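Participant: Since chain C is already given, all that's left is putting chain Y with the ligands on it; use the hints.
Going down the list, the sequences are from chains C and Y. Note that our numbering has the first sequence beginning at 1, numbered continuously upward. Note that our numbering has the second sequence beginning at 1, numbered continuously upward.
FYI, nobody ran anything at the bench for these hints, they're computed from the structure. These figures come from a predicted structure and were not determined experimentally. C-beta: ideal position from N, C-alpha, C; glycine also. Treat the hints with caution; some may be incorrect.
Covered, in the sense of this in silico footprint (three residues per stretch, anywhere, with C-beta under 8 Å from a C-beta of chain C), are these stretches of chain Y [claimed, not checked]:
{"#": "1", "segment": "16-28"}
{"#": "2", "segment": "34-46"}
{"#": "3", "segment": "72-85"}
{"#": "4", "segment": "177-187"}
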Amino acid sequence: MASVITETVPQQSRRQPLPPVVRGLIWATIGFLVVNVLMSYVLDPLAGHPFITNSSVVLGWFAAVVGWLLGVGAWEEIVLPSFGILDRSVVTGTGWRQYFAMSLNHKVVGIQYLVASTGGFFIAGLAAMLMRLELMSPTMWLFPYPGQYLTTVGIHGTIMMFSVGTVALVGGLGNYLIPQMIGSNRSAFPKVSSISVWLVPVGILTVAFSPLLGQWTTGWRGYEPLAQNDANGILFYYLGVFALTMSSFLVSLNLTATILFKRTKGMTWNRIPMFAWGMLVVSLLNIIWLPEIQMTFVLGLLDRLVPLPFFTAVGSNLTYLELFWLFGHPEVYIVVLPALALWMEIMPVMVRKPLFAREWGVIGVIFVMLLSGFVWAHHMFTNMTYAEELPFSFFTEMISIPTGLAYMVVIGTIWKSNFKLTVPSLLILMSMFNFLIGGMTGVFNADPVVDLQLHDTFWVVGHFHFTIIGGMVFTWIAAMYYWLPKFSGRTYNPKLGVLGAIWIFIGFDGAFSLMFLVGMEGMNRWVPVYPSYLQPLNIAISIFAFILGAGFLFNLLHIWWAMKSGPKVEANPWKSKSLEWMTESNPLAENFPVEPVVISGTYDYDVDGVAAIIPNPAG
Amino acid sequence: MEVVHSNQVVRPAAHVEQELETRKVFGAFVLFLFGMSVPYFLMINVRFIMAAGFVPSSADQTTGAIQAVLTLISALTAWAAIRAIRGGNTSAYRVNLGLTLVLGWVSTLMMAWEWWYHPFDAMSHYGETFLTTVGLVAVMNLSGLLTLWASRARAKRLGSDQTLVRGYRLAGMYWIFLAVAALVMYIELYFA
Ligand code: HEM
Ligand SMILES: [Cu+2]
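Chain Y with its partners taken away, still in its complex shape:
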């Protein structure tokens, strides 16, 4: 067996390598989301153990509804951002991501409000699961907002080179995951 030290290796064509890289990144991303969904499932479980399907009549439907609508729109803007960057349109990407960031921040800050003002006893079983579930969504949202912010800054500084687009798309997709999770939790907390 001869070990050859050389730089003239026959490498797979560049697009094949990119294709492999994309599969790797998206494959790992799916695994990551799989893991990240576990805490949400756990909170759903715990809520049903603690409070069954109980929702107090005093739960503030308006705050929850506004928040859910904002979250839904933010998922759509994130989706628009992904489409823009796939078409190579960096500025549209940044605009849409900016919108997502604003909507995301508003809905996340509304959670702080929900923490502060909640028309039921925090020490009740509904109360404790409500506060912690909202807390989980808020903390995860913060991680998403940080990702969006970084991605937007990167797009501004580095442009839309083909190898970078993958990362830009991932940021948007991560936010969509968080938005869907937040909506599921909204339904669980206010209706189930």
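One chain only, chain C, in its complex shape:
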């Protein structure tokens, strides 16, 4: 071993025998088989019958994930060095290969996250299309069994929440942009993000393949004791979510430390970009609530494996609901806070005016974060006494005040400006409009008397999609158009961009506003069959949903095309003052050959001149 340390062979001279992803797959397979056989043949009294048991598949899954992570590069990058063995082989690769291995470049990691998230979005989107197809008829016609429909709902919701909602703006845009925005060349802990991103495909595939173990009818919330009545697919729900939340937890630690400790000279607290503020508050929510839900899911897992009676015994079946929603409500702000921050980040550039009432925007996101921990039981109004409902109703309605501050900041920024309608600003306006509808319909849900009527109807489905798709997904797409030149040095076609925006706006608002209607008319959630008088509305919703699905695909193809062969643009086409635009557009290049110094606020568009300079080495 000692000889290894003294080796001074240049790293690139050693070759990796296998591409990391291939090696990861092989090691994962071996890990699974070894542990599964150990469990089902050696330790199981009924040796090998069946080959896959509940406990063998769970432990085998863990072995597979460890094998996968080691294989994609954790062995050389993390395990060996932490034992003091300085290994010689390079797993990070060069050129395009960097995207298929652990990478210490935060921009490569950001793109890996974005690609994985997009993959999750379209897998879960496909599930949504199947659901809408089924709901075009009031009878079972597409799925042979109701449980299959419900499993599809669960897969859709779970993958959307944990691999898109929680991930795209944080793991994706956060990793890519935050170090550049605060003037750093790397994140605080490059290895942490480089490994965490590889948990995302694991999680998505685990959930997507959950039907291999049987159906689960609980939806994305995994409700107990319902879950214990199902076949075993719920196991892959717990495990997949475990992988995905672990990924987000690690990213959050890294991003928080990056923002707190890696800022360049002059990037003082009152100059921290709004998007960084968004990442900061979201990361704090993640650091508290993701371990909470992980532990809860471990208990659910043990309920099934051991089995223990945690959430199933008489008198304890509300415990799971409490534990789930303690995390669950902060989760919805984990999804939407980065979007609010992005509005405030992008708008000043578009209108060329300083950000209006910046402090109030910061106060807004901080108070949304704080209040989000006090409202969880508004998901359980049907199970509470009136006296218990009151405080939760109150706090829920209070949250609209700090949320309103974000609106105030953006509208104040646009006010009396020379607002330029571009594809990103159009999408942000659409997002603000849609999120407003989501928020205002939420006020109805926050009122217990009304909510008792609306609970578990499609009204609720309309409400939360307006907040999530309307708030987060529209903003995500806006951000992709906005930073396209940053990603690729190229830009989009404005006509196609506007077409794409209007396309999804029509599809989305058509489908989901009708859901309010169909919900009030009596359409329940989680049902593949319904009274036939609801069919016309459901057909209309489905048609709009297909339009929406095609619209998302259109935007994806357009962005993809623009990155590869869109018109080339200058380095800073929006004339933004933010630091990320000072760097090269090639993601494989280093951000700042020389550390920049921030000399004024990055939103000070009322004064000429740059916000940051690259100091001359001489002075």
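Facilitator: Frame of chain C, contents of chain Y with the ligands only:
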């Protein structure tokens, strides 16, 4: 604005850079521990929801007590290891960390024993929270033992360069965190 490509940047003095690095690492470590404490809090919560303050009279006080004492001593040896490495004494660090590892392993293995042999019904509300809480402590301890092992091996191979000491200290501090958490859970399971 002129972008200068040069290697002769005026960099902050090395000790300033180290100072920043230390703040970053320890700051993130605090955040990490904050997150890691959540599952323990959750288990305390769940136990009070499920079993209130009930402790069965048949609970085996001796096993718990021995384990708690070992855990306490292991925290002290970890602390001694940290002090040693701050003074640059790698061999004392390794000895103390070795002791911590032995004590940690014994107390963690005793948890396996607690799983196997427990004088109350596993399906009772006390039983289920007992087994899962002990399980949480055991799994977290394993992560700590792995960290200690890696850190000890690293100290042996790489010595006590100033930039490495931070990592060595963190391993010890992580174990102390786990030990304190285990002691809190011990009190909760056997006395509260
Ligand atoms: C392509 C557009 C989408 C369509 C057409 C769509 C449609 C649906 C439908 C029909 C349901 C089932 C409602 C029920 O029976 O309860 C549903 C549930 C859900 N959707 Fe979507 N959805 C879309 C996009 C999204 C996105 C982008 C997210 C989040 C990022 C999301 C998150 C959820 C969640 C969390 C559920 C609840 C699942 C459950 O009840 O367990 N959806 N969606
Ligand atoms: Cu909520």
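Participant: Against the structure, test the hints numbered earlier, and report the numbers of the ones violated in rising order.
Facilitator: 3 and 4
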